[in-house]
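Dock chain B with the ligands against chain A, hints included.
Take a look at the letters that make up each chain.
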Amino acid sequence: MSETAIASPSEAQKSKARPRRPSAFALLLNNRLAAFGLVVLVLVVASALLAPLLPLADPNATDPANRLAPPLSDGHLLGTDALGRDMLSRLLWGTRVSLAVGLSASVIAAFAGSLIGLIAGYAGGRTDQLLMRFIDLMMAFPYILLALAIVAVLGPGLINALYAIAIVNVPFFARNIRGITVGLARREFVDAARLSGKGPVRIVASEILPNVLPTIVITLSTTVGWMILETAGLSFLGLGAQPPQADLGSMLGEGRKVLFTSPFVSLVPGLMIFLVVLSINLLGDGIRDVLDPRLKAGALAKPSARTAVEKNRRWPETKKDETSDAVLDVKGLETQFRIGRSIHRAVGGVDLSIRPGECLGLIGESGSGKSVTAMSLTGLVPSPPGRITGGKVLFETDDLLAVSDKELRALRGGAVSYVFQDPLATLHPLFPVGDQIAEAIRAHQPLDRSEARAKVLDLMRQVRIPNPEARMEAYPHELSGGLRQRISIAMALANDPKLIIADEPTTALDVTVQAQVLKLLDGLRRERGTAVLFITHDFGVVSEIADRVAVMYAGRIVETGPTAEVMANPAHPYTRMLIDCVPVMGEPERRLDAIPGRPPPVDDLPDGCAFADRCPRAAADCRSGDIAMRDIRGRIEARCLHPLSPGDALRGAA
Amino acid sequence: MSDMLEIRDLTRRFGGGRTIFGTTKPQLTAVRGVSLDLKRGETLGIVGESGCGKSTLARMLVGLDRPSEGAIRLDGKDLTEGGAKALAARVQYVFQDPVSSLNPRHTIRQILEAPMKHLLRLNGSERKKRLADLCEAVNLNPDFLVRYPHEFSGGQAQRIGIARALAAEPDVVVLDEPVSALDVSVQAQVLNLLDRLKRERDLTYVFISHDLAVIESVATRVAVMYFGRVVETAPSRKLFAAPLHPYTDLLLNSAPVPGKQRLRAGGDTGELPDPYNPPSGCAFAERCPRVEEDCRRIDPPLEAKARGDDHRAACLHPLPAD
Ligand SMILES: Nc1ncnc2c1ncn2[C@@H]1O[C@H](COP(=O)(O)OP(=O)(O)O)[C@@H](O)[C@H]1O
Ligand code: SF4
Ligand code: SF4
Ligand SMILES: [Mg+2]
Chain A
1 MSETAIASPS EAQKSKARPR RPSAFALLLN NRLAAFGLVV LVLVVASALL APLLPLADPN
61 ATDPANRLAP PLSDGHLLGT DALGRDMLSR LLWGTRVSLA VGLSASVIAA FAGSLIGLIA
121 GYAGGRTDQL LMRFIDLMMA FPYILLALAI VAVLGPGLIN ALYAIAIVNV PFFARNIRGI
181 TVGLARREFV DAARLSGKGP VRIVASEILP NVLPTIVITL STTVGWMILE TAGLSFLGLG
241 AQPPQADLGS MLGEGRKVLF TSPFVSLVPG LMIFLVVLSI NLLGDGIRDV LDPRLKAGAL
301 AKPSARTAVE KNRRWPETKK DETSDAVLDV KGLETQFRIG RSIHRAVGGV DLSIRPGECL
361 GLIGESGSGK SVTAMSLTGL VPSPPGRITG GKVLFETDDL LAVSDKELRA LRGGAVSYVF
421 QDPLATLHPL FPVGDQIAEA IRAHQPLDRS EARAKVLDLM RQVRIPNPEA RMEAYPHELS
481 GGLRQRISIA MALANDPKLI IADEPTTALD VTVQAQVLKL LDGLRRERGT AVLFITHDFG
541 VVSEIADRVA VMYAGRIVET GPTAEVMANP AHPYTRMLID CVPVMGEPER RLDAIPGRPP
601 PVDDLPDGCA FADRCPRAAA DCRSGDIAMR DIRGRIEARC LHPLSPGDAL RGAA
Chain B
1001 MSDMLEIRDL TRRFGGGRTI FGTTKPQLTA VRGVSLDLKR GETLGIVGES GCGKSTLARM
1061 LVGLDRPSEG AIRLDGKDLT EGGAKALAAR VQYVFQDPVS SLNPRHTIRQ ILEAPMKHLL
1121 RLNGSERKKR LADLCEAVNL NPDFLVRYPH EFSGGQAQRI GIARALAAEP DVVVLDEPVS
1181 ALDVSVQAQV LNLLDRLKRE RDLTYVFISH DLAVIESVAT RVAVMYFGRV VETAPSRKLF
1241 AAPLHPYTDL LLNSAPVPGK QRLRAGGDTG ELPDPYNPPS GCAFAERCPR VEEDCRRIDP
1301 PLEAKARGDD HRAACLHPLP AD
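Going down the list, the protein sequences come from chains A and B.
First residue of the first sequence: 1, per our numbering; consecutive thereafter.
First residue of the second sequence: 1001, per our numbering; consecutive thereafter.
No wet-lab data here; the hints were simulated from the structure.
A hint or two may mislead.
Stated by the list, open to error - Only some residues are given here: those of chain A computed to face chain B with a beta carbon under 8 Å:
#, residue
1, A192
2, V511
3, E544
4, D593
To be verified - Distance ranges between label pairs, derived from CB positions:
#, chain 1, residue 1, chain 2, residue 2, range
5, A, L213, B, K1305, 57 to 65 Å
6, B, K1260, A, L213, 51 to 59 Å
7, A, G529, B, D1310, 46 to 54 Å
8, A, G125, B, K1260, 48 to 56 Å
9, B, A1132, A, L213, 30 to 38 Å
10, B, K1025, A, S206, 30 to 38 Å
For every residue, glycine included, the Cβ atom is placed at its ideal position computed from N, Cα and C.
Extracted from the complex, chain A is given alone in its bound form:
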């Protein structure tokens, strides 16, 4: 039995020393516009709250003798209105009313809408259909018309306006919250809670609500400004606050009558509305960005079309020109991700070479750098944060890291093509697959429509898609996983590539389908002499298809050689342990020796051998200096100071 405790003490200490993430509030203040909004809002709210304590005139005391006094006149800082009431006093009391009504309406709308959304989303089925049809019905009416209709029924008045605004905003919350709840209700942790004995009410309250709360807050903070505006609108029309009570909307309405003689009477409440709505919306956007970074403007900005390459990158000189017949010859490839202050060395000096018609298997655990290696070859790693800092990628005679953008574009999908794990992610959902294959062809070859169609059919036959004439009209979602993957392979073959890079192309497929796809790829590369770089984490798959295999660990190749030799007599302890820890069909009694621990994080690689912490053969010399690849038994190369000989036990150094 070899299990390992979840983390060693050193790991626990490390995570404690990790700098804490800045708090949500600090992030909010970092956003200048949001901070500005917050300051303005605090000032407005504070003055409205303090209105009863301030030495203000009675907001409703009329003084006809002093009517329409201009701002800055004696005793009236902002002047007086048409009835001689003090504008400053009315403004502060009015803001108080508007804020209170707008905020209450928002809270009521948020509460009722979220409740409907939670119930509809969690219950599903009929309850959901009924509730949402009702919500749709409400949304079918023009928004302000609905509010007017409600007030017409309830009668004018501030409280009725509040209800009207709250009601018309309910659908907005209900829809948003329902959408998220539906997704959450299907998540496995909700099933887990059911199996923990929690009832529906408890699940909604303690499992789902905490996960929707950020969305409720976001929706609230981005709508409350508009709701204040809408209440002001109703009051402006005389349907909200009734005279003599002041709110921002009714003040604006009263100012309208003297707009030309005394514009300040409407200007003052108008400006206040502007300030309130502006500050709330700036703050709301800031809150949204903090709580949901994905929505943040700029986060979705397109990365550059090609990975940034360091100008003075270096590569190891070849000793002899042994690999001149290779299609692909990678030397010392280094790719890094710079995230904040840490540098993740995802690929730390990789050498690969593949000859025509050869299949090289690249194998390793997740996070070992296989995909980044594959993407780096034609500059597909997003920059920023990716950056190629060293090495050379010789494809035939060109260094792909140095060719022009135009040449690179011609190569991608042309002489070098990719097949990925998830064909749904690479196929466009809205176009028939036949058109997509034709598109792939015509991006590189000037064929007319009928020629392209003939070629598409030919390719679909080559990848053995039954009934290609009918299937070319199908959309990706109409095809099974196996057929979709064949379509991706057809696209990869479209322009007679010299090299196919297949990144876990069969991982998502069932075994019988995997067997067919492997057979297909194997046949194609033998018939056409196409070189294949086949990435996988499965030794079984590698054994089936690869002539040679390269084992990757923590960003570097640690062992490479002919597949049969590496599988039978691996020299590197990691390879051996990785082979030993998977169950093998036909050997049910086999002991599974788990590899203790985890790979080192690539932003904090140890000195010496990266595998030393998990290696039973590790000795003092393993923990310093760079360990180079060395020839072993003339057939294999391994990056290890104490390699295994055939028949060696793992424990104890050689």
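Positioned in the frame of chain A, the structure of chain B with the ligands alone reads:
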């Protein structure tokens, strides 16, 4: 050994019925008439490809889904009789995706204590004791109880998922692809852990996987599913040594084996029948190398062939015993 869990003619249909506009919704049958028995202390492995109904069957066993027809009996009593809580206290579930089975906003302690609180009604000090015991059982550092799920790797999260399933002290644990989302090096750690827990706690497992090598290494008995049915069931050794059903044979020949390069028979299309429009005879007929005319008429029942009563297959022309 007695039969602990009896599954009889279990069927689950999705869809059907009418929308509120009166149109009928298309209907598919995910599980069609499955009967299986589970003995105390065994590990029943269920294999089959995606969409064959494994997960649907598993969810019905733990009460997350209700059968359209058929019965599940636990120690002779109908499963649904005592209510969901009584069932959850005896049959538990381990999910495929360890990370998404843990609520991101709950601490590990909250997650592990929930079944103790709601199913067993343990008080504070009892829970504390049980928590310590669970942490030890799955090698979880007790300091980590205050942390949130995102701070754990897949393998660690799966141990927490296993601890959650064990918190209610169940007799049966249904494991739905428990190691499929894990890296191979971590997979072995979890398989070894499951093996030890089973022996220490006298558990009975239903272990679902699409990986034949994993099934062969853990299961005492295997059921192969295809298109909603069990098409073959046998003690693990017998099934892997000489399958009866052509589909099992195809599965065994398709799985890649490390260190071997094998010639595969070609010609298989890999396509499943349309679940909304199932064929009348044997569902495997379109792909079967042994298909004969009668296969398209008769839907073969699961029955013992010439290899003893414990080795059954749903096939009219089963493979000979080499
Ligand atoms: N909630 C559902 N609604 C409709 N179809 C479903 C639902 N759950 C599962 N299915 C269908 O049932 C079949 C069996 O699914 P599943 O049990 O998940 O298979 P497996 O676990 O073997 O991958 C599939 O065709 C699947 O699409
Ligand atoms: S023996 Fe030393 S060099 Fe070789 S893998 Fe182990 S730690 Fe690394
Ligand atoms: S019943 Fe016929 S078609 Fe079905 S598996 Fe057996 S031989 Fe093949
Ligand atoms: Mg499943």
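Evaluated hints:
A hinted interface residue such as A192(A) counts as satisfied when its beta carbon comes closer than 8 Å to some beta carbon of chain B; here the least separation is about 5 Å, so the hint holds. Taking 8 Å as the C-beta contact cut-off toward chain B, the hint placing V511(A) at the interface holds, the least distance being around 4 Å. Because the smallest distance between the Cβ of E544(A) and any Cβ of chain B comes to about 5 Å, under 8 Å, the interface hint for this residue holds. Given the 8 Å rule on beta carbons, the hint for D593(A) holds: about 7 Å separates it from the nearest Cβ of chain B.
Look at L213(A) against K1305(B): about 59 Å separates their beta carbons, and that is inside 57 to 65 Å. Taking 51 to 59 Å as the suggested C-beta distance range, the pair K1260(B) and L213(A) conforms, at roughly 54 Å. Taking the beta carbon of each, G529(A) and D1310(B) are about 51 Å apart, inside 46 to 54 Å as hinted. The given range of 48 to 56 Å is respected by G125(A) and K1260(B), whose C-beta atoms sit roughly 50 Å from each other.
At roughly 32 Å, the beta carbons of A1132(B) and L213(A) sit within the given window of 30 to 38 Å. With their beta carbons about 33 Å apart, K1025(B) and S206(A) fall inside the hinted range of 30 to 38 Å.
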